[in-house]
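Colleague: Listed in order, the protein sequences are those of chains V and F. According to numbering that gives the first Met the number 0, the residues represented by the first sequence are 0 to 424, in order. According to numbering that gives the first Met the number 0, the residues represented by the second sequence are 0 to 445, in order.
Some clues are possibly wrong.
Claimed, not checked - A few chain V residues facing chain F, derived, Cβ under 7 Å:
(1) Ser57
(2) Ala61
(3) Asn65
(4) Cys347
Worth flagging that the hints you see were computed from the coordinates, not collected in a lab. Positions of the beta carbon are idealized from the N, C-alpha and C atoms, including for glycine.
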Amino acid sequence: MADLTTNFAGIRSPNPFWLASAPPTDKAYNVERAFRAGWGGVVWKTLGEDPPVVNVSSRYGAISYNGARMAGFNNIELITDRPLSVNLDEIRRVKRDWPDRAVVVSLMVPCEEASWQRILPLVEATGCDGVELNFGCPHGMSERNMGSAVGQVPDYVEMVTRWCKRHSRLPVIVKLTPNITDILAPAAAARAGGADAVSLINTIQSITGVDLDLMAPEPVVGGQGTHGGYCGPAVKPIALRMVADIARDGATRGLPISGIGGIASWRDAAEFIALGAGTVQVCTAAMHYGFRIVTDMIDGLSNWMDAKGHRTLEEVRGRAIANYVHWNDLDLNYKSLARIDQDLCIRCGLCHIACEDTSHQAIAALRVDGARRYEVIDADCVGCNLCAHVCPVEHCITMQPQPTGRGKLTWTQHPNNPLRQEAAE
Amino acid sequence: MDQVQDIAAGRLSAAELAANFADAHPPLTPSEAPVEASRCYFCHDAPCIEACPTGIDIPGFIRAIATGNPRGAALTILEANILGGSCARVCPTEVLCQGACVRMAQEGRAVNIGALQRHATDWLMAHEPRPFARAPATGRRVAVVGAGPAGLACAHLLARHGHEVVVFDARAKPGGLNEYGIAAYKLADDFAQAEIAYILSVGGIRIVPGQALGGDLSLASLRAEYAAVFLGLGLQGSRDLGIAAPPLAGVQDAVAFIAALRQAPDKAQVPVGRRVVVIGGGNTAIDAATQARRLGAEDVTIVYRRGPAQMSATSKEQDWAQTNGVRIRHWASPLRLLGEAGAVTGVSFARTRPDAAGLAIPAGPGFTLEADMVLKAVGQCFIADPLGAAEAPALVPGRIAVDAEGRTSLPGVFAGGDCTAGADLTVRAVADGKRAAEAICRMLGP
Ligand SMILES: Cc1cc2nc3c(=O)[nH]c(=O)nc-3n(C[C@H](O)[C@H](O)[C@H](O)COP(=O)(O)OP(=O)(O)OC[C@H]3O[C@@H](n4cnc5c(N)ncnc54)[C@H](O)[C@@H]3O)c2cc1C
Ligand SMILES: Cc1cc2nc3c(=O)[nH]c(=O)nc-3n(C[C@H](O)[C@H](O)[C@H](O)COP(=O)(O)O)c2cc1C
Ligand code: SF4
Numbered sequence: 000m001a002d003l004t005t006n007f008a009g010i011r012s013p014n015p016f017w018l019a020s021a022p023p024t025d026k027a028y029n030v031e032r033a034f035r036a037g038w039g040g041v042v043w044k045t046l047g048e049d050p051p052v053v054n055v056s057s058r059y060g061a062i063s064y065n066g067a068r069m070a071g072f073n074n075i076e077l078i079t080d081r082p083l084s085v086n087l088d089e090i091r092r093v094k095r096d097w098p099d100r101a102v103v104v105s106l107m108v109p110c111e112e113a114s115w116q117r118i119l120p121l122v123e124a125t126g127c128d129g130v131e132l133n134f135g136c137p138h139g140m141s142e143r144n145m146g147s148a149v150g151q152v153p154d155y156v157e158m159v160t161r162w163c164k165r166h167s168r169l170p171v172i173v174k175l176t177p178n179i180t181d182i183l184a185p186a187a188a189a190r191a192g193g194a195d196a197v198s199l200i201n202t203i204q205s206i207t208g209v210d211l212d213l214m215a216p217e218p219v220v221g222g223q224g225t226h227g228g229y230c231g232p233a234v235k236p237i238a239l240r241m242v243a244d245i246a247r248d249g250a251t252r253g254l255p256i257s258g259i260g261g262i263a264s265w266r267d268a269a270e271f272i273a274l275g276a277g278t279v280q281v282c283t284a285a286m287h288y289g290f291r292i293v294t295d296m297i298d299g300l301s302n303w304m305d306a307k308g309h310r311t312l313e314e315v316r317g318r319a320i321a322n323y324v325h326w327n328d329l330d331l332n333y334k335s336l337a338r339i340d341q342d343l344c345i346r347c348g349l350c351h352i353a354c355e356d357t358s359h360q361a362i363a364a365l366r367v368d369g370a371r372r373y374e375v376i377d378a379d380c381v382g383c384n385l386c387a388h389v390c391p392v393e394h395c396i397t398m399q400p401q402p403t404g405r406g407k408l409t410w411t412q413h414p415n416n417p418l419r420q421e422a423a424e
Numbered sequence: 000m001d002q003v004q005d006i007a008a009g010r011l012s013a014a015e016l017a018a019n020f021a022d023a024h025p026p027l028t029p030s031e032a033p034v035e036a037s038r039c040y041f042c043h044d045a046p047c048i049e050a051c052p053t054g055i056d057i058p059g060f061i062r063a064i065a066t067g068n069p070r071g072a073a074l075t076i077l078e079a080n081i082l083g084g085s086c087a088r089v090c091p092t093e094v095l096c097q098g099a100c101v102r103m104a105q106e107g108r109a110v111n112i113g114a115l116q117r118h119a120t121d122w123l124m125a126h127e128p129r130p131f132a133r134a135p136a137t138g139r140r141v142a143v144v145g146a147g148p149a150g151l152a153c154a155h156l157l158a159r160h161g162h163e164v165v166v167f168d169a170r171a172k173p174g175g176l177n178e179y180g181i182a183a184y185k186l187a188d189d190f191a192q193a194e195i196a197y198i199l200s201v202g203g204i205r206i207v208p209g210q211a212l213g214g215d216l217s218l219a220s221l222r223a224e225y226a227a228v229f230l231g232l233g234l235q236g237s238r239d240l241g242i243a244a245p246p247l248a249g250v251q252d253a254v255a256f257i258a259a260l261r262q263a264p265d266k267a268q269v270p271v272g273r274r275v276v277v278i279g280g281g282n283t284a285i286d287a288a289t290q291a292r293r294l295g296a297e298d299v300t301i302v303y304r305r306g307p308a309q310m311s312a313t314s315k316e317q318d319w320a321q322t323n324g325v326r327i328r329h330w331a332s333p334l335r336l337l338g339e340a341g342a343v344t345g346v347s348f349a350r351t352r353p354d355a356a357g358l359a360i361p362a363g364p365g366f367t368l369e370a371d372m373v374l375k376a377v378g379q380c381f382i383a384d385p386l387g388a389a390e391a392p393a394l395v396p397g398r399i400a401v402d403a404e405g406r407t408s409l410p411g412v413f414a415g416g417d418c419t420a421g422a423d424l425t426v427r428a429v430a431d432g433k434r435a436a437e438a439i440c441r442m443l444g445p
């Protein structure tokens, strides 16, 4: 049985599955239910200064895709709307009762040192394991110069991180916003400010849809809408890329990363860990299905690790980073061709029409004795994978590597590249 | 076997009868429809289109349902098949579009095209009382004989092109077998008449009921009076069992039994035997037997002279009958109708077996089934008499001969549906009527 325990920037938890700072971690009631279900840790719903914020009614929007509910999820909620002392009391009690679980407290206060200096000792007094700085909330708080308004300016990220390290002994996790051109800049700034770790991603600014009767963006609040934060399965690819960049880049390499964004299964988690995450955080999947999803996350990850012979998470962490290269480092001599398994083919013709209309006219639509037959024209196939993706039958179209007899050739060396580097004589 | 023949009406309570003759397959709910629609792969050169005699753009209309465009979906259907609503309910989709669905090859479960088609057409009928407009009147008049699916489809397309259409039918109500033949629970809630009203909303079509070709009308006079004539006469004859039998009470033609059931405003008034034997292996046998059960018959047996694979009823229909408690016995053919005091008491059967060609030949000793009612469902046939003796269109064995576009041997006379050779299905009748209308329009010119 694989060892799933984690030590993330000094914060220990029995497994890498944490609940992200959000409604699932809004109060003791939810958090205790989560711990009973088996979650390894929580990042408490973001605390701020009193008086508490006020939330709107009608808070969420969602994308259903082909009958799949909440493929993408969007919210216009703010941070906790409960008084600070109520949250702090509950955090103290929960940590006391669940000493083996990670209890991290998310914070967002105005961008003034005094504010941070005021709140940090109160938080530390609860006995919690660390703080997470919410530099990511992309709506409502950013207009008040908090959240992503800070996270989008690396200098502020560094400054606030430094204040927190100065006024607290707790591990400081900086939660990054994806609403920025280059994720490496705030990550490096956090590290420069002394951050113990980063977590990402927070939500992505979005409008999930427009109510065409009300002519207002969704979710509609009294006939109007505002942009919100996008999360859920749809954002996972964006989050994976940002996590991988931070894990790979020289300036940020080695900084512990808590991966967040669209994680709903052990497989999602394993992918984040393979690209460098030490723990993962989940919000939307828990809001969709409840806390019991963690059972399979733990079990599935452990079974997969056993099957692969990985004993600890450290053996998995970052394993795929060496293969995450820049485009310029890819082999231009590598060649693959589409292969259609005629026994599996159900004759839907989607591969043909996709290649014919939008790719390389490399799949012939034939009729053999009246029966449909689709065949790859090898000479025209560029190995783009489109047909394999549109094919609705698992393993029917596969991309098969072709021997070329040529060694690796990258763009840096390619004759078509005017700036190519000639091999040294 | 000296008991009194037990045929009675009202065997079940009003509530049971209402449930038994309500929609057998209720419509998809608004949330089910897009989920089912999303199962469609939107195939290129989709096999389902080819398998539909009317060639509906099935992936096209299903995609419109998935995107929330029910109007576009319904019009796509009705453009190709104006009886798309009844076809959605009555087509044996398992041997048509759904049988060809690529998901059958993948997972043995086709997209539920029939239910989606109903979803879209129901929407349009509920939202748009008059979906098609008529082209400016051409002043040309076409006679259609037979207001069944073939005649109605033909009339609608002719009317859309601006021709004036008069539809004659021998029966009191239009609709053909949609009104008198199809099982009640397939076309519940008087759907046949609702659909006809919808079809007539285009304008330019007049239905004249109670006028029979061969009686009130002659083909010669119609040809003289109209620019073209379309014959959609269906099959008016029933084959006989081929055994000598004195007329016995309780022995009935299955089609007539169903017609009476369909027309009864109150199913509690329809008499049915306690023990019913149905002889035959097609749609009609299945429907007669199942509806007899649903009227409250205690014991219903279909007897067919060959095996399940040779039955013209699809395996889905056979399952349906069996699910309804009908017993199906194969490889037996009727020898004698047994009777007492002029009323039937049973049927004795000879066992049969397949010969080298798979046809039934006598084999071994037989058996007798007791029965209060015997329904004959051994096939319908075309009766040519109404066509007249002089100047009648040529027949291919038994039915009116036509070319691919419905032309008979007589200039200006077209035919389609069951009275011509081909599968006896509603959708084929619609396809024939449509193709003939196109040919008539080309013949008449703009
Ligand atoms: C019991 C039964 C169940 C069936 N179930 C199904 C099913 O589930 N699915 C399916 O697809 N198909 C089914 N069919 C077959 C389907 O009903 C027919 O294929 C279809 O109705 C044929 O249409 P049509 O217009 O050619 O003929 P019909 O529907 O028979 O219409 C012919 C019309 O012509 C009229 N007519 C006939 N002679 C004259 C005349 N001399 N003068 C004036 N009018 C005349 C008749 O009154 C009738 O209205 C079933 C058939 C039967 C008998
Ligand atoms: C309703 C809602 C409220 C959220 N509130 C906060 C918050 O208060 N603080 C914070 O740091 N992130 C907040 N988030 C962002 C989540 O913590 C998380 O970063 C994001 O949802 C991506 O993870 P997911 O794809 O698993 O949902 C919120 C998300 C949602 C859906
Ligand atoms: S891999 Fe791309 S180019 Fe090759 S057959 Fe498939 S779609 Fe066409």
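Colleague: All hints are to be evaluated individually against the structure, with a verdict given for each.
Modeller: Outcome of the hint check:
Residue-level restraint check for serine 57 of chain V is violated (minimum Cβ-Cβ distance to chain F is 21 Å; threshold 7 Å). Here the hint on alanine 61 of chain V is broken, as its CB sits about 15 Å from the closest CB of chain F, past 7 Å. Of the supplied interface hints, the one on asparagine 65 of chain V holds, with its beta-carbon coming within about 4 Å of a beta-carbon of chain F, less than 7 Å. Among the interface hints, the one on cysteine 347 of chain V holds; its C-beta lies about 4 Å from the nearest C-beta in chain F, closer than the 7 Å criterion.
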